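6 protein chains.
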Amino acid sequence: MLSENIETFIGCEASYREAKIVLFGAPFDSTTSYRPGTRFASAAIRHESYGLETYSPYQDKDLNDYKIFDSGDLELCFGNTNKVLDKISERTDIILKDNKLPFLIGGEHLVTLGAVRSVLNKYPDLHIIHFDAHADLRDDYLGEKLSHACVLRRCHDLVGDGRIFQFGIRSGDKSEFVWSKQGHTFMHKFDLQGIEDILINIQDKPVYFTIDLDVLDPSCFPGTGTPESGGVDFISLLNAIIKICSQTNIVGCDLVELSPNLDISGASTALACKVVREFLLALQE
Amino acid sequence: MLSENIETFIGCEASYREAKIVLFGAPFDSTTSYRPGTRFASAAIRHESYGLETYSPYQDKDLNDYKIFDSGDLELCFGNTNKVLDKISERTDIILKDNKLPFLIGGEHLVTLGAVRSVLNKYPDLHIIHFDAHADLRDDYLGEKLSHACVLRRCHDLVGDGRIFQFGIRSGDKSEFVWSKQGHTFMHKFDLQGIEDILINIQDKPVYFTIDLDVLDPSCFPGTGTPESGGVDFISLLNAIIKICSQTNIVGCDLVELSPNLDISGASTALACKVVREFLLALQE
Amino acid sequence: MLSENIETFIGCEASYREAKIVLFGAPFDSTTSYRPGTRFASAAIRHESYGLETYSPYQDKDLNDYKIFDSGDLELCFGNTNKVLDKISERTDIILKDNKLPFLIGGEHLVTLGAVRSVLNKYPDLHIIHFDAHADLRDDYLGEKLSHACVLRRCHDLVGDGRIFQFGIRSGDKSEFVWSKQGHTFMHKFDLQGIEDILINIQDKPVYFTIDLDVLDPSCFPGTGTPESGGVDFISLLNAIIKICSQTNIVGCDLVELSPNLDISGASTALACKVVREFLLALQE
Amino acid sequence: MLSENIETFIGCEASYREAKIVLFGAPFDSTTSYRPGTRFASAAIRHESYGLETYSPYQDKDLNDYKIFDSGDLELCFGNTNKVLDKISERTDIILKDNKLPFLIGGEHLVTLGAVRSVLNKYPDLHIIHFDAHADLRDDYLGEKLSHACVLRRCHDLVGDGRIFQFGIRSGDKSEFVWSKQGHTFMHKFDLQGIEDILINIQDKPVYFTIDLDVLDPSCFPGTGTPESGGVDFISLLNAIIKICSQTNIVGCDLVELSPNLDISGASTALACKVVREFLLALQE
Amino acid sequence: MLSENIETFIGCEASYREAKIVLFGAPFDSTTSYRPGTRFASAAIRHESYGLETYSPYQDKDLNDYKIFDSGDLELCFGNTNKVLDKISERTDIILKDNKLPFLIGGEHLVTLGAVRSVLNKYPDLHIIHFDAHADLRDDYLGEKLSHACVLRRCHDLVGDGRIFQFGIRSGDKSEFVWSKQGHTFMHKFDLQGIEDILINIQDKPVYFTIDLDVLDPSCFPGTGTPESGGVDFISLLNAIIKICSQTNIVGCDLVELSPNLDISGASTALACKVVREFLLALQE
Amino acid sequence: MLSENIETFIGCEASYREAKIVLFGAPFDSTTSYRPGTRFASAAIRHESYGLETYSPYQDKDLNDYKIFDSGDLELCFGNTNKVLDKISERTDIILKDNKLPFLIGGEHLVTLGAVRSVLNKYPDLHIIHFDAHADLRDDYLGEKLSHACVLRRCHDLVGDGRIFQFGIRSGDKSEFVWSKQGHTFMHKFDLQGIEDILINIQDKPVYFTIDLDVLDPSCFPGTGTPESGGVDFISLLNAIIKICSQTNIVGCDLVELSPNLDISGASTALACKVVREFLLALQE
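Sequence lines, in order, name chains A, B, C, D, E and F.
Counting in this note's numbering, the first sequence runs from 1 upward without gaps.
Counting in this note's numbering, the second sequence runs from 1 upward without gaps.
Counting in this note's numbering, the third sequence runs from 1 upward without gaps.
Counting in this note's numbering, the fourth sequence runs from 1 upward without gaps.
Counting in this note's numbering, the fifth sequence runs from 1 upward without gaps.
Counting in this note's numbering, the sixth sequence runs from 1 upward without gaps.
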């Protein structure tokens, strides 16, 4: 008898029960202010992962040696932001309740808020590490509080001062930089250096790790809605991920803002696939 | 002294005061369920119109001989549908109050609702002519009432049975076709034939005319989010527009669902420009 | 517990056991002489089908009312044509043995040969209806017998004179047209007219129906390796499919030569999805 | 010993001496006012012709049975229009002096002027048949007399009233249509009908036949700088070419305004290749 | 009353009277020898700038704090190089006469000549700093003196030996490198190092600063007609601009050779927007 | 009399007899497992080379000063791997017999095997230097021995242990890395450092040098079927090529895996052209 057509990220073929990490996608981009398209990211990453190896020569580890489950994409209705965030929180709740690690693939950056709400419920002492080109610290965007451009500010509403650590930031309103400097978040501009300095403070804390892929330079990652020149390269990102995963207690994470159709060469999606692989492997002890 | 950089649709350079028709854009696509991108349409149409002539050999009329004002695009926040519809209604209100004809360029089809709400205020006996590939008659879409897929149903909520006339419809849920047949709307499937038959009923009524450009076949108009094979060609659309404009009392109108980046040849945007020109000319007595 | 990520053509969610029709993909294009890329077609059709409705206003039927199973794509090795054809035959064998109808999605046209070999085994009196821009009757192509350009000739090797009926042909070597005229195949050039005339001869025979989508005009279907101007439009193809399915005994069928990346507007893939839907519905009594 | 890499249009492999027709390309687009790119047309047509058959089922003729020479592209300097036109005239002079038919592939439409100047030298009684979406009858364009938008007006300067026959025209300044109607040119708008009526007048005259491929509808030919909806389809163009070639005395001809990179599906270039083939075959007695 | 649709570079909304810097575009590319398309750059930069912030975290300055006027694009006729250069000179003359700084956005590199002619009139002791991948020192190109490939040579005709300082050069005829070495220009090959050394010589001189964006590596800037591997990255360019602007007396400047349609990801246009912002901010004391 | 249209790589216009190096293309990609398209590389490189200078400022050498012959592309049948490899070997044999250096442009990486078979015949002590992102050391790929993913393993079958030197490798099955480490090949991972160390061992040996261009980072070379982040930049590749060519005895070489249509900006093809130029110049004493 013939089987159904199952499509998962490469090497993520464990059963849900045995899995330590659970992938899921949130194909949502309704608040994107400039160029939409991140809704296609999770399906593209899953689909294009078959051009990738399961083995990483960087970490000398193989996805086939670990237990990861890919639960597919949430079915989200465009145009109702609150419902979307609720659905993301619900899925995260289930995964956390079963003592697995939620690994969310966006979608636009606002999806992080849905996951953080849920993770914070379980881990009230949550800290957040944030890689991004953009500060995302606006209090509102054209009057709207639930916007991708406000997502870390909304997270700050939940976790408060001194719990958010931002790296790679090179774009934002002047007021965002000023607000951060007032002590609300730790912000390292332009690149991913200085991670060691913050690790001391959070090594025994539960950490949510959110990576906006536009932290990368558009030369290696043009497939994103708002490309910002002057970003980091793939190896720098890879090394930072490995360092953070090995020295902190990650309890939830995400990867957002790939917009696959903006880079029809496919190189951006291929890079995102490799970041997923390396991220998943770095999360293994 | 040097002047500012003003960008209008070609030949629409009257002052607001003298204008009979007022163009405006609503760059919104947050409820689009499949492929977003119509937010770029109004700017693209305006920008690419400079490759067009102001003269129509079809109607032997020239835009330069009429008084049209292009008031640019609304500034809309993505992610809050109600606010967006309100802004569209407000702009329409102003134009109507000054006894000018509002000519809205989308964006996705939901923007029509904002304009219809306003026009209906002034013309309670409003009838609607609707060209589209899709019925857009769902009561909700994944639980959401304010979706592009429900826009004519929402209009029906406002105007009631027998006031909506649909042409070219070739896609939808079975239930939409059944609901229409129950007498809620008049629906002519597949093409634009039979317009004469309905004109008799509405020739003395105020009419809102909404054209979803995906009524066209994807061969001549691939630049749209949900291309549906089996549509009409440009000449058929042109003739239908001329017939309707010359034999009914149009009090408001729109053109929606161009997604310019999906057709990088530029042919879809060029066609939309030409439809705008011909539509504007057909509206002149 | 969360479920796996299953991806099927829309509305094809029956179990294998209950299904009457079984879809499968053969992502192969190694013998393509001009522009490869049909290997991506079956996955693209499946993935993009979620932009489609299950209901056809043309046939007033709904995929949800029928039992169809989508068994996904074969895993094929590029560069070894014989192995590929064997794998296609094996899958077809299983489906036929279980008294279901095999519905193959290519891939390049050579995949038809794998299916025909299997179907002919079960139905020795097999006749073939062939829609295509190209005659595909070369005896060899640069010395190679197993080429997409020879696939109907290879089928003729199996079924012999008077059993192949070709429509829409408008490209080929002069020798192919001459060879056909010598009585080896029935060929109707340029369009799909005259189908009625042949239906009389084959209405009680088992029929394999192979559609090379490049029979369509490139205006509606640019997404194919060798676009040939002067083809038929979507409605003509749709009507021909309905006519043939309703008046003959189809025992196997395929749809080939979509090359999705060649039409980045997505209109060609969307059309192919609609042809699959209409074809599946037309096969239902 | 290995041979050099010679690239010609398919089936055009006669020696210059034996050839009846001589192809040459003029890769020039400097006066294009909207979107440049026709400079790439002649090389693209030559290169992509290898995806074409030499045999035409429409005319039942084969390029291999005739003597045609492809002399490649002129080396033209961008930015100096007069030099470019002189180079085209020189090449045309050589071909005419050797009693061969010059077949020019543009480039933008202005290249026609270079060829017409030369052909008129040999045939003072020259008449011109012109297929185009655009009238090209402006006296100047932004003050410039040598512009693609003025090319037929410049030809009229040379041949005078009653010698230019225009078909398919659907775009232009109002003044161009008025000027034509004053008796300067014969103009048939929108399509290619009524050719028979003019053939009577010119059947014994020397004719230059210039085809701007944008006479085609953008659905089948999006790869052109200024696509104009409402054009003719491939079969209509093909039939018109065959009719004109068989009933007039063509002494020079050209095909212009393909802009291959604007249609990355390749369908426009493939169509242009087929028009070249059919045109070449139609020119054979 | 509704206002007109004004489109300027973000943050450049001063009146002409109060402005210190005046932007203008020269959408011209007729002498481009390889791939045209820079004519679309100035409009694209203006349009896409709305995806940018007005604040620079690099310089901690905000465009909103300065007085800049965007006077839009010149209306240029393609095909007549002399007229185009004259129009550029005229616009520059006006700006200089009003004691403002002209900031020109190309177009191809030849537009620099129009601006330099005007600036030199006012500042006879003008020096030129030139960032580029190409030497642009040919005396003629295929016999033509007014070509993008000769633009610095034409500038040298005007300013003479020892007044042109070239950086980043990595492509050209051998003769161009030899000619430069003979003492005609200062040339630093491959990158932007060594700027300090020349600043000493020109710090009290009036300087025209021309940046051909292809000085950047194609990895971060593929959207240009002739991409040359081995260029500099964005941060290097940014630092060099800041250094030069802060230590010399810039009296005119330009940014040329973006060809936006060649990079459909939009990353090249986004980078160009950011260079404009940083350049404008660096020019402020 | 007019001449034929000859198309060669720029500056490669020597006669075969006088040439020291002979270029040829093998447009083959049938075993490509992921995204095909390298079949278009050799023609694209040849065609786009006219945008390149013959002079290299890096090496201060000019192609015009050397004797190189471009013998065009082999005519290869897709779908029969053995025949294709034989044709490549035959062409290589001829070139070697005439004491010239074969310079092969792929096509996919498997084409290397055809050339190596021939070169090994003449030079039994052959060593191989291999630049690549992928190890290409699988014994089979989905059961197939003649696959691009196995090409260096097949070469190893011929030359044995200790004769293959791999650089830049960053992707592969775990087993490939293990197998290499067992002493079968020398492998330097991730970049091109450490070349000096191996040069000592092979400086008096005949060397075949194969460059898979995906050794480059996708930021500078997105136009390849399987882009692998973390690669080297152009200058590193250039320096490595110059070092190897100047210090070893190259007796054959190739450049493979450009897939030009995957990078529609043209930057990847332009880079490949420049690598060909620099490689050719580096091979000159």
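In short, the hints are calculated from the structure, not lab data.
These numbers come from a predicted model, not from an experiment.
It is possible that some hints are incorrect.
Note: identical chains are not told apart, hence a pair may lie in one copy or across any two.
In silico lysine-lysine, DSS-like type, Cα no more than 25 angstroms apart, as pairs [to be verified]:
1) Lys243 / Lys174
2) Lys189 / Lys243
3) Lys145 / Lys20
4) Lys67 / Lys145
5) Lys189 / Lys97
6) Lys83 / Lys100
7) Lys83 / Lys145
8) Lys61 / Lys122
9) Lys189 / Lys61
10) Lys122 / Lys189
11) Lys181 / Lys61
To see whether the hints hold, each was checked on the structure:
1. Within a single copy, lysine 243 and lysine 174 get their C-alpha atoms only as close as 31 angstroms, which misses the 25 angstroms cut-off; across copies the closest is 23 angstroms, which meets it.
2. In this homomeric assembly, lysine 189 and lysine 243 come within 25 angstroms of each other (Cα to Cα) both inside a single copy, at 19 angstroms, and across copies, at 21 angstroms.
3. For the homomeric pair lysine 145 and lysine 20, neither the shortest alpha-carbon distance inside one copy (34 angstroms) nor that between copies (37 angstroms) is at most 25 angstroms.
4. For a Cα distance limit of 25 angstroms, the shortest separation of lysine 67 from lysine 145 qualifies neither inside one copy, at 38 angstroms, nor across copies, at 31 angstroms.
5. For the identical chains of this complex, lysine 189 and lysine 97 are neighbours neither inside a copy (36 angstroms) nor across copies (42 angstroms), given an alpha-carbon limit of 25 angstroms.
6. Within a single copy, lysine 83 and lysine 100 get their C-alpha atoms as close as 24 angstroms, which meets the 25 angstroms cut-off; across copies the closest is 39 angstroms, which misses it.
7. Taking the shortest alpha-carbon separations for lysine 83 and lysine 145, both the intra-copy value of 15 angstroms and the inter-copy value of 13 angstroms come in at or below 25 angstroms.
8. In this homomeric assembly, lysine 61 and lysine 122 never come within 25 angstroms of each other (Cα to Cα): the closest approach is 30 angstroms inside a single copy and 42 angstroms across copies.
9. Proximity of lysine 189 and lysine 61 under a CA criterion of 25 angstroms is satisfied inter-copy only: 15 angstroms between copies versus 32 angstroms inside one chain copy.
10. In this assembly of identical chains, lysine 122 and lysine 189 lie within 25 angstroms of each other by CA distance neither inside one copy nor across copies; the values are 31 angstroms within and 42 angstroms between.
11. Within a single copy, lysine 181 and lysine 61 get their C-alpha atoms only as close as 40 angstroms, which misses the 25 angstroms cut-off; across copies the closest is 16 angstroms, which meets it.
The structure is inconsistent with the numbered hints 3, 4, 5, 8 and 10, although it conforms to all the rest.
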